[in-house]
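One line per chain: the protein sequences are A and B, in this order. Its first residue numbered 1205, the first sequence is counted upward by one per residue in the numbering used here. Its first residue numbered 1205, the second sequence is counted upward by one per residue in the numbering used here.
Read the hints as simulated data drawn from the structure, not as lab findings. Keep in mind it's a predicted model, so treat the numbers as computed, not measured. One or more hints might be untrue.
Since the list can't tell identical chains apart, any single copy or any two copies may satisfy a pair.
Said to hold, decoys possible - Subject to a maximum C-alpha distance of 30 Å in a straight line, what follows is the list of computed DSS-like cross-link-like pairs (lysine-lysine): (1) Lys1288 - Lys1348; (2) Lys1262 - Lys1252; (3) Lys1348 - Lys1435; (4) Lys1435 - Lys1288; (5) Lys1435 - Lys1248; (6) Lys1435 - Lys1252; (7) Lys1262 - Lys1248; (8) Lys1252 - Lys1348; (9) Lys1348 - Lys1248.
2 protein chains.
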Amino acid sequence: MKQALSWVNGQAGALVDVSERALHYGDGLFETIRIRRSAPEFLKRHIKRLMAGCERLKFPPMDWSLVGHELEELSARHDDAVLKLILSRRSAGRGYGPCSDQAVTRIASVQPLPAWPANPAHSGIRVRICDARLAAQPLLSGIKHLNRLEQVLARAEWDDPAIAEGLMLSDTDRLVEGTMSNVFILSNQVLITPDLSNCGVAGVMRSVILDLAESLGIDTEIRSVSLEEVKTAGEVLVCNSLISIWPVVSIDGIGSFGSVSISRQLQAALSAYDKAGDGNWYSS
Amino acid sequence: MKQALSWVNGQAGALVDVSERALHYGDGLFETIRIRRSAPEFLKRHIKRLMAGCERLKFPPMDWSLVGHELEELSARHDDAVLKLILSRRSAGRGYGPCSDQAVTRIASVQPLPAWPANPAHSGIRVRICDARLAAQPLLSGIKHLNRLEQVLARAEWDDPAIAEGLMLSDTDRLVEGTMSNVFILSNQVLITPDLSNCGVAGVMRSVILDLAESLGIDTEIRSVSLEEVKTAGEVLVCNSLISIWPVVSIDGIGSFGSVSISRQLQAALSAYDKAGDGNWYSS
Chain A
1205 MKQALSWVNG
1215 QAGALVDVSE
1225 RALHYGDGLF
1235 ETIRIRRSAP
1245 EFLKRHIKRL
1255 MAGCERLKFP
1265 PMDWSLVGHE
1275 LEELSARHDD
1285 AVLKLILSRR
1295 SAGRGYGPCS
1305 DQAVTRIASV
1315 QPLPAWPANP
1325 AHSGIRVRIC
1335 DARLAAQPLL
1345 SGIKHLNRLE
1355 QVLARAEWDD
1365 PAIAEGLMLS
1375 DTDRLVEGTM
1385 SNVFILSNQV
1395 LITPDLSNCG
1405 VAGVMRSVIL
1415 DLAESLGIDT
1425 EIRSVSLEEV
1435 KTAGEVLVCN
1445 SLISIWPVVS
1455 IDGIGSFGSV
1465 SISRQLQAAL
1475 SAYDKAGDGN
1485 WYSS
Chain B
1205 MKQALSWVNG
1215 QAGALVDVSE
1225 RALHYGDGLF
1235 ETIRIRRSAP
1245 EFLKRHIKRL
1255 MAGCERLKFP
1265 PMDWSLVGHE
1275 LEELSARHDD
1285 AVLKLILSRR
1295 SAGRGYGPCS
1305 DQAVTRIASV
1315 QPLPAWPANP
1325 AHSGIRVRIC
1335 DARLAAQPLL
1345 SGIKHLNRLE
1355 QVLARAEWDD
1365 PAIAEGLMLS
1375 DTDRLVEGTM
1385 SNVFILSNQV
1395 LITPDLSNCG
1405 VAGVMRSVIL
1415 DLAESLGIDT
1425 EIRSVSLEEV
1435 KTAGEVLVCN
1445 SLISIWPVVS
1455 IDGIGSFGSV
1465 SISRQLQAAL
1475 SAYDKAGDGN
1485 WYSS
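Work out the full structure: start from the sequences and follow the hints.
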């Protein structure tokens, strides 16, 4: 692919004003999108989540057609890469209060795909349980906002490259998500993913997997999940837009999940689904 | 004062790189400092809190002498103004994990003092109780980090200019702080400020007031405070480095705190204390 590239409000550039509220307060949202065959994958779902985030944070109205076209235009210049979009509330002066004439800054950048060791989608990954807990904040749960210090602290807990991800618990010891992924467990033939009404990001790949499972006739459930359930699950997988689906083969060095059969079914269904696409982002 | 001014890493400028982790994750810290008579007030305490924040977020070592001198140099160009310093962890690539060769970007800016209506330090202010609750996250409590969406949402709850501040409760209905201030209440002749071990920012003015109270022979306590205690307190005040001390005269339109005597004592002691200064920031 070509060199890393960034656009600020549709113009090539790598600088933003120091008054941006994303910088001062994390007052903004982001999406990490996989570019595949020069197109942004699941663009419609990403934009839908951004819209939900903008509503929650009371952002001013956005020109979503402009946003979508910009992401498509940037993607067209690359084959397989990572596209990140940040929306930042622009400053209208000092203090936390937003002004009425506020605007939103779009910061889009493209980077090469990370170089993952081995082939984690095939061979599975080792994960750990993080010490850092996710605080319960229903006002911010589900959306992909820019207040990510919990994830930063959790990811700083380990530097063993053999550990690919850390699972994070709530302050009541329930499984929530990975530092950069959502989690599914298989228990009694039901595919379960944690309820995110108090914390966590409702990932785009999580929503895709819920749809894929339905089309495959696999029962799904969204509910509270205990750590014990994770450790005794028949199968565990993590997912996000970039990595797609990675089966988990060990947690904290103990426990071995022999089965990856649901991961394989979902991976196969995802490949087929990719080909069919996800509809135009601007339709409905 | 002269025009608003900003420095990035000691150089005049108003632009930062889009890869800054403050922008992506709120991965950083800040201080808001009052410039008075061309000097940064309570610089030693501000730097001490920054140091604590850097330690908590595992920032790389900083040249604190450089930071202090920069803030003094910027202050010397203004009489009475607001100085804000942001420290951002510089990016070392994609993802939450910090790299070993990380560095820190310093973003300093000076703005005019806000134009407060009337004279709130003298006449007192009206406050409201915010609906937005502060989540319990001991890993981030006390320090002045850049994940401030809770404050942004709380401050967006009202736009009546007659309401000067909003008080925020924890998810267990205990008083924590104001959106931009710390809070003290007077109950049975004891000056009480909420314990911040689960959430809240341990403000510089809060620490000054605790010291002033001691020197005035006023008993102080740091502990959990219920909303009921606030509403039945003999006196309530909010404070920060910018506003110093504002007595509260009504909460949610009800309750009237006749007494401002402790506020007056503290304001007088603060004026005297200002003149004496707070020691050199670089001497421990």
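Hint check:
1. Taking the shortest Cα distances, Lys1288 and Lys1348 sit within 30 Å of each other both inside one copy (12 Å) and across copies (27 Å).
2. Taking CA atoms no more than 30 Å apart as the test, Lys1262 paired with Lys1252 passes inside one copy only; the shortest distance there is 15 Å, against 35 Å between copies.
3. Taking identical chains as interchangeable, the C-alpha atoms of Lys1348 and Lys1435 lie at most 30 Å apart only when both belong to the same chain, with a minimum of 27 Å there against 37 Å between chains.
4. When the C-alpha separation of Lys1435 and Lys1288 is checked against a cutoff of 30 Å, the pair qualifies neither within a copy, at 33 Å, nor between copies, at 47 Å.
5. Taking CA atoms no more than 30 Å apart as the test, Lys1435 paired with Lys1248 passes in neither setting, with 35 Å inside one copy and 49 Å between copies.
6. Neither within a single protomer nor between protomers do Lys1435 and Lys1252 lie at most 30 Å apart by alpha-carbon distance, with minima of 33 Å and 43 Å respectively.
7. Only within a single protomer do Lys1262 and Lys1248 lie at most 30 Å apart by alpha-carbon distance; the minimum there is 21 Å, versus 38 Å between protomers.
8. Proximity of Lys1252 and Lys1348 under a CA criterion of 30 Å is satisfied intra-copy only: 12 Å inside one chain copy versus 32 Å between copies.
9. In this homomeric assembly, Lys1348 and Lys1248 come within 30 Å of each other (Cα to Cα) only inside a single copy, at 15 Å, whereas the closest approach across copies is 37 Å.
Checked against the numbered hints above, the structure breaks hints 4, 5, 6 and satisfies the rest.
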